[in-house]
Structure formats: structure tokens, C-alpha cells
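Position 246 (the sequence shown) corresponds to 245 in numbering that gives the first Met the number 0; numbering is contiguous.
Just so you know, not all the hints are guaranteed correct.
So the derived label-pair ranges between C-beta atoms look like this [stated by the list, open to error]:
(1) P198 with L363: 27 to 37 Å
(2) A271 with A174: 46 to 56 Å
(3) Q215 with D325: 32 to 42 Å
(4) D325 with A174: 53 to 63 Å
(5) S165 with L363: 51 to 61 Å
(6) L227 with L163: 50 to 60 Å
Since the hints were made in silico from the structure, they are not lab data.
Model, not experiment: these values are computed from the prediction.
Think of the CB as a built atom: it goes at the ideal place given N, C-alpha and C, for glycine as much as any other residue.
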Amino acid sequence: MRALAGVLLVVALLASLLAALAVVELRTVSGDRAMGLVTFFPLLGVRWLCLAVALAIVVRTTGFPWLGGSVGLRTSAVLAVHALAGLASISAVMLAAGPDSPAIKPWAIVFAIVMPVALLALLSVTLAGWAPPAPARTAWKLGLGLAALALLSGVAFMAGREYLTSRVQRASLEASRLEQERWFERQKARLAAIPPDAPLAELLPWLDGGHMELWQAAAEKIRVRPDLVAELAAMLQSEEAPRALKYLWLNMPERPPELEGPVHAALSALPAWADAWLVQREAAGPSAPGPGEEPQEYPPRREVDLDEAAQAAITVADGYSGSRLDFREPIERFEAVLESHRLPEDRFGEDPTYQPRAYLRTWLEQHPPRP
Numbered sequence: 000m001r002a003l004a005g006v007l008l009v010v011a012l013l014a015s016l017l018a019a020l021a022v023v024e025l026r027t028v029s030g031d032r033a034m035g036l037v038t039f040f041p042l043l044g045v046r047w048l049c050l051a052v053a054l055a056i057v058v059r060t061t062g063f064p065w066l067g068g069s070v071g072l073r074t075s076a077v078l079a080v081h082a083l084a085g086l087a088s089i090s091a092v093m094l095a096a097g098p099d100s101p102a103i104k105p106w107a108i109v110f111a112i113v114m115p116v117a118l119l120a121l122l123s124v125t126l127a128g129w130a131p132p133a134p135a136r137t138a139w140k141l142g143l144g145l146a147a148l149a150l151l152s153g154v155a156f157m158a159g160r161e162y163l164t165s166r167v168q169r170a171s172l173e174a175s176r177l178e179q180e181r182w183f184e185r186q187k188a189r190l191a192a193i194p195p196d197a198p199l200a201e202l203l204p205w206l207d208g209g210h211m212e213l214w215q216a217a218a219e220k221i222r223v224r225p226d227l228v229a230e231l232a233a234m235l236q237s238e239e240a241p242r243a244l245k246y247l248w249l250n251m252p253e254r255p256p257e258l259e260g261p262v263h264a265a266l267s268a269l270p271a272w273a274d275a276w277l278v279q280r281e282a283a284g285p286s287a288p289g290p291g292e293e294p295q296e297y298p299p300r301r302e303v304d305l306d307e308a309a310q311a312a313i314t315v316a317d318g319y320s321g322s323r324l325d326f327r328e329p330i331e332r333f334e335a336v337l338e339s340h341r342l343p344e345d346r347f348g349e350d351p352t353y354q355p356r357a358y359l360r361t362w363l364e365q366h367p368p369r370p
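Assemble the whole structure, with the sequences as input and the hints as a guide.
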């Protein structure tokens with residue numbers, strides 16, 4: 000049993016040296032770097048398990064008779080304190096890598112380095128047969144009591160810091176929640192204040208926002224407009240044609256027959272619109288956002304991009320597949336404009352025409368020219 004205890008102490012010593020090197024370098028970490036903390040738990044776990052078994056062996060054989068009490072009572076007491084110290088060391092290491100790192104790191108050094116090394120030394124000399132002389136036993140008991148008090152003080156300090164941190168976090172989350180609620184109420188009031196006779200273009204940006212309840216309210220407000228089809232027809236034949244096509248694509252699966260001509264006119268205007276869009280982007284530089292992609296106040300005031308225009312064009316054109324009008328010809332010209340602005344294949348990640356061209360080519364392959 001003594002030999003087993005000696006082996007366990009050697010393993011615990013090696014684990015303690017590795018833990019000491021890691022704990023000294025502890026600092027606040029987050030994100031992917033926080034994954035490195037996972038290596039601490041096996042290391043500390045092996046160290047404290049080895050110490051626990053060695054401690055039980057030493058106490059149950061010849062160790063610590065000067066503490067008084069029966070062997071079973073001494074074993075239970077020292078193992079209970081040891082378990083508390085082990086949990087305290089793991090907790091201290093975790094907290095020392097958090098936002099309170101400067102305040103917690105000294106306790107992490109005490110619990111994860113100083114106390115385990117002191118216990119290792121005490122177990123080693125006790126296993127070798129050493130015991131404090133009778134006159135010094137009271138001082139030794141007092142020293143162990145102070146160590147236990149320091150342990151409890153550190154645990155209380157860390158628990159208090161964690162409680163205060165969690166209170167601050169909860170207060171911050173609650174303040175954020177209340178601000179979100181106030182923001183939402185302001186947006187609802189703004190949307191509700193838009194008069195029924197306001198231009199359709201004033202409501203459509205609300206469909207680009209990410210808040211589902213506001214999106215639903217705006218969609219319903221648009222859907223019940225008595226002259227919606229006529230308004231869309233006017234937009235399809237104006238500079239707002241891409242936005243009207245996007246609305247038809249995403250919000251009007253049943254294509255009104257009255258819009259057949261205006262939709263064809265809108266598709267016919269897309270090549271010139273796409274050319275202007277790309278010229279503007281190229282003039283701004285390759286790393287600049289596309290037209291209308293800059294962040295805006297809610298609702299987002301941004302223009303339709305090439306991806307959206309391409310998907311809207313082919314989807315809406317499919318809704319008029321039986322038309323006497325040729326919807327393939329404007330889409331061919333749209334694809335040709337994008338082709339004229341394409342970048343080399345090795346730069347496809349920078350090419351805003353890459354995905355739209357793929358949409359249009361696929362559609363054109365599936366819709367051969369009329370005989």
C-alpha cells in the first residue's frame with residue numbers, strides 16, 4: 000500500500016508541475032481560445048484523484064495520529080477537506096479565465112498550485128515516517144486550521160465575486176430586454192402611423208427587416224391595399240421595377256394576369272439596371288459594398304441586389320409561362336450583361352455576377368427558345 004501511495008504521489012507531482020505552468024499563464028479567454036480550458040480538467044482531476052487515494056492510504060496506515068480521533072473519523076475529515084479543495088481549485092481555474100481574472104488568479108495559484116504542493120510534501124514526509132514532535136503538534140494543528148480557514152475564505156470570496164458578476168450580467172440582460180421592447184414598440188407605432196394612402200414604396204422596406212412580427216404587420220398592411228395590383232403595375236414600369244419584382248417573387252405566388260405586360264416591361268429594363276448597378280460597384284472598388292448594402296436604420300433602406308433580381312426575374316417569369324409575350328429574351332439580355340462584367344474564374348469569390356449568372360443560365364437551359 001505504501002508503494003502504491005508513493006507511485007500516486009509521483010504522478011500527482013508531475014500533474015502539479017504541468018498545472019503550475021498552465022495556471023501561471025492564465026488570463027481572460029473567450030471564443031475558440033476558451034476550448035483550451037478543457038485540458039485543465041483531466042489534469043486537475045488526475046492530480047486530485049491521485050492525492051485522494053494517497054491521502055486515504057497514508058491516513059489509514061500510519062499517518063496523522065496526532066490529529067486525534069479514530070482512523071475512520073480522520074480519514075473522512077481529511078478526504079472531505081481534500082474534496083472541497085479540489086472543487087475550489089477547478090472553480091478557481093475556470094473563474095480565472097473569465098472577466099474577473101485579475102481578482103481570481105491569486106486564488107487559482109493558491110488552490111491549484113500552493114495547496115496541492117504543500118499536501119504533496121506533507122504526504123511524502125509522512126509516508127517516510129516523519130511526524131511532528133509532541134511539543135509542536137498544537138502549532139501544526141493550528142497551521143492546518145488556518146489553511147482550512149484560508150480555503151473557506153477563498154471559496155467565499157470566489158462565490159461572492161461570481162454572485163456579483165451574475166447580478167451585473169442579469170441587470171445588463173434585463174436592461175437590454177427592456178430596450179428591445181421599447182424599440183419594438185417604437186417601430187410598431189411608426190408602422191401603424193403610415194397612412195393607408197401612402198406610396199407603396201414607403202411600406203416595402205418593412206419587408207426587408209428581420210423582425211418577424213413587424214414583417215407580418217407590414218405584409219398584411221400591404222396585402223389589404225385596395226389598389227395593390229395597380230400600384231405594382233406602376234412600379235414595374237418605373238425605376239422601382241426591381242423592388243416590385245422582388246415583392247411579386249416573395250409575397251404574391253398567384254401572379255395577377257393584369258401584371259403580365261408590366262412584368263415583361265420590368266424584365267426588359269433589368270439589363271440596363273444591372274449594368275448601372277455593376278458600374279457603380281466597380282467604380283467604388285472591389286471591397287466596397289454593393290449599391291444599397293450599407294447598414295441603415297430600421298427598416299433597412301437598401302436597394303435590390305443582383306441575386307435577388309435574378310431570382311425574382313426567373314420566378315416571376317415562370318408565373319407567366321403561358322403568355323403570348325416572350326419572357327426569355329429579356330432574361331437572355333440580363334444574363335449577357337452579367338456575363339460582360341464577370342471576373343476571371345480564380346476570382347469567383349469576389350464576383351457579384353457569379354451566382355446570379357448561375358440562376359439565369361439554369362433557367363435559360365430549362366426554357367429553350369420558342370419555335
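Cross-check of the supplied hints:
1. P198 with L363: 27 to 37 Å: 35 Å Cβ-Cβ, so the 27 to 37 Å window holds.
2. A271 with A174: 46 to 56 Å: Once the Cβ atoms are compared, 50 Å apart, the range 46 to 56 Å for A174 and A271 holds.
3. Q215 with D325: 32 to 42 Å: Holds - the Cβ-Cβ distance for Q215 and D325, about 37 Å, lies within 32 to 42 Å.
4. D325 with A174: 53 to 63 Å: For D325 and A174 the Cβ distance comes to about 59 Å; the hint holds.
5. S165 with L363: 51 to 61 Å: holds, 59 Å
6. L227 with L163: 50 to 60 Å: About 56 Å separates the Cβ atoms of L227 and L163, which means 50 to 60 Å holds.
In summary, this structure violates none of the numbered hints.
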